[in-house]
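Visitor: Heads up: the protein sequence lines correspond to chains A, B and C, in order.
In terms of the working numbering, the first sequence opens at residue 1 and continues consecutively.
In terms of the working numbering, the second sequence opens at residue 1001 and continues consecutively.
In terms of the working numbering, the third sequence opens at residue 2001 and continues consecutively.
Certain hints may be false.
As the list claims (entries may be wrong) - Covered stretches of chain A, going by a simulated chain B footprint (3 or more residues, C-beta under 8 Å):
| # | stretch |
| --- | --- |
| 1 | 7-16 |
| 2 | 47-60 |
| 3 | 92-101 |
Keep in mind that the hints were calculated from the coordinates and are not lab data.
For each residue, glycine too, the CB sits at the ideal point set by N, CA and C.
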Amino acid sequence: MIERFEQTPRMSRIVRHNGVVYLCGQVGNAGESVADQTKECLRRVEVLLEQAGSSPKHILQTVIWLSDMKHFDEMNAVWDAWVEQGHAPARACGEAKLARPDLQVEMIVTAAVADDS
Amino acid sequence: MIERFEQTPRMSRIVRHNGVVYLCGQVGNAGESVADQTKECLRRVEVLLEQAGSSPKHILQTVIWLSDMKHFDEMNAVWDAWVEQGHAPARACGEAKLARPDLQVEMIVTAAVADDS
Amino acid sequence: MIERFEQTPRMSRIVRHNGVVYLCGQVGNAGESVADQTKECLRRVEVLLEQAGSSPKHILQTVIWLSDMKHFDEMNAVWDAWVEQGHAPARACGEAKLARPDLQVEMIVTAAVADDS
Chain A
1 MIERFEQTPR
11 MSRIVRHNGV
21 VYLCGQVGNA
31 GESVADQTKE
41 CLRRVEVLLE
51 QAGSSPKHIL
61 QTVIWLSDMK
71 HFDEMNAVWD
81 AWVEQGHAPA
91 RACGEAKLAR
101 PDLQVEMIVT
111 AAVADDS
Chain B
1001 MIERFEQTPR
1011 MSRIVRHNGV
1021 VYLCGQVGNA
1031 GESVADQTKE
1041 CLRRVEVLLE
1051 QAGSSPKHIL
1061 QTVIWLSDMK
1071 HFDEMNAVWD
1081 AWVEQGHAPA
1091 RACGEAKLAR
1101 PDLQVEMIVT
1111 AAVADDS
Chain C
2001 MIERFEQTPR
2011 MSRIVRHNGV
2021 VYLCGQVGNA
2031 GESVADQTKE
2041 CLRRVEVLLE
2051 QAGSSPKHIL
2061 QTVIWLSDMK
2071 HFDEMNAVWD
2081 AWVEQGHAPA
2091 RACGEAKLAR
2101 PDLQVEMIVT
2111 AAVADDS
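Kindly produce the complete structure, drawing on both the sequences and the hints.
Guide: Pasting the structure below:
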């Protein structure tokens, strides 16, 4: 069974299938600092995961896109403080321009359903 | 069990495992307009999903790469008209140059096997 | 159940869940040739997959990032020789600058647990 939450005509913010949760790419508020965009992005990830019956402790993989690799350290400082120790996901980070030029960070999160793990 | 379809020495166009279908990155015809490349890309996705025992209604996640973010609206116009309403996948879209300079859009699709959902 | 191996405060090199293995993005040695970085990247993938109870024959999907698409043929020559014939994964390859400017290739690997397939 496929379950979808927060669906628009273009995408579902959450798709759940076989105990796995797929979130649509999350960003922060355009125009803010890299640190603030990262914080807001992670806050939105938390909200969506909770809604999906998952949590930050159940993230399997996160792919991070930065608009410019020079933001790597600023993003990581927020990420490192946020990751649940003992529950760190697999991760990859590459440079990709995002949907709007004033967006600096996007995260693609795959997680496990909480009661499944 | 892992099942592979349309296998070349380099990759399998379809890999199926545990009720989930992984497609290799799909593109349209090089040199055509962004809209036409998007249409052809989505047509190929449909063919592969059908072959895999899935369908556009069973897509879990689509990651979209555009060679230039200026193509965002042109790609989205085709995408929005194509998505099965009520069955929209999770989605992310970032800028990445593709294997050939005259390719403008590539989609990485993960889907559920149809009888599994 | 989620199992994590080779965990740092930032990420886990291996995450295993529901018979699927997620590796963190793998690279080679910065500054070496594209061919050598690709070989070392694939060697690291092999080591991690073995540790995860998987193998190169069980890769479901590989997303490849190249710092510059001009490296496509050089990376592919190593990849093509490495892929287990009859066990080729789904694959996508796009251009993305990586965490360090002297890194040229990164691979994001998803695989099946071996006894599961």
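Visitor: Cut-off 8 Å, C-beta pairs, minimum 3 residues; does the coverage of the stretch 92-101 of chain A by chain B stand?
Guide: With 5 residues close enough to chain B, the hint holds.
Visitor: Can you confirm whether chain B covers the stretch 47-60 of chain A, using C-beta to C-beta distances below 8 Å and requiring at least three such residues?
Guide: Not satisfied, violated; 0 residues make the cut.
Visitor: Under 8 Å between beta-carbons, do enough residues of the stretch 7-16 of chain A, three at least, approach chain B for the coverage claim to hold?
Guide: The restraint on the stretch 7-16 of chain A holds, since 9 of its residues have a Cβ under 8 Å from chain B and three suffice.
Hint check: a violation occurs at hint 2 only; the rest are consistent with the structure.
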